[in-house]
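Fit chain D to the given chain P structure using the hints.
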Amino acid sequence: MATLEITTHVDARGLSCPMPIVKTAQAIKPLASGALVEVLATDAGSVKDFAAWSRTTGHDLVEQSVDGAVYRFVIRHK
Amino acid sequence: MTLLAEPIAPPIPVEPSPAPAPEPEGAVKTKELVIVNWSGELDKVWPVMILSSTAAASGVRCKVFVTFWGLLPFVKDQKRIVGDNWMQKMLTLMQRPGIDHLKLSKMNFMGMGPWMMGVLSKKYHVASPRELLEAATTLGVEFIPCQMTMDMFGLKREDLIDEMGEPAGAATAIAMMTEADASLFI
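Note that the protein sequences, when read in sequence, are chains P and D.
Heads up, the first sequence is in this note's numbering, so the first residue is 1 and it goes up one at a time.
Heads up, the second sequence is in this note's numbering, so the first residue is 1 and it goes up one at a time.
Isolated chain P, as found in the complex:
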């Protein structure tokens, strides 16, 4: 798998709903179309939430994984 060129990182570890989404939205807003954002979160609800959020916004959830209690999401700006 090719390494993705991440533009911005969002560290939302330790934060509860809805702050991982709010922080990601703020981080992705100024970026250009196609830019990639990596989000780290520990909120267990974030798996469903990031899927729903990408559906609502149209941003593309290109990758997600879990390492222990840390969830990782990579989102491509629409």
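Treat the hints with care, since some could be wrong.
As the list claims (entries may be wrong) - Looking from chain P toward chain D, a few residues come up when the C-beta cut is under 7 Å (computed):
#, residue
1, GLY14
2, LEU15
3, SER16
4, PRO18
5, MET19
6, ILE21
7, VAL22
8, ALA25
9, TRP53
10, THR56
11, THR57
Just so you know, the hints here were simulated from the structure itself, not pulled from any lab data.
Cβ coordinates follow ideal geometry from the N, Cα and C atoms, glycine included.
Same frame as chain P, now just chain D:
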């Protein structure tokens, strides 16, 4: 026959209401959520802040119509007693205004409940209503105060936080709700 002894006041010129901006050709209409923030209680204002900030973060246009008890959390921090007469002053004497002084709708126990909620929210890194309000206004959520409640409670525009929009009435709330994709009364 003359019905009026006094000539009526000159009519106030009617400003044409601005037509909604036309959607660009082929564009998908932005989804819209309207919340009526009525209760002013901690366990209800909190979800209002969570849902409104998340809506804005999700690219959903969000407007919050702020009415009745819901207005008190939007009074500026430095204000303690507001209103012109003793009855209005009693309101804010009994219920301290401001976003940090909300009561629970149940299990308030003279402030023990909200205090415990504060401790728990810090322990589990849940953003406070204040932090969420800040996020919501930064993300472009519009908070519209109810003019009628402001009049009744003796609240002036300058008593309310600067981030709020222009006061409006029930007809504005109805127009907002009927034009939105979803609306909530909390």
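State the violated hints by number, sorted upward, taking the hints as numbered earlier in the document.
none
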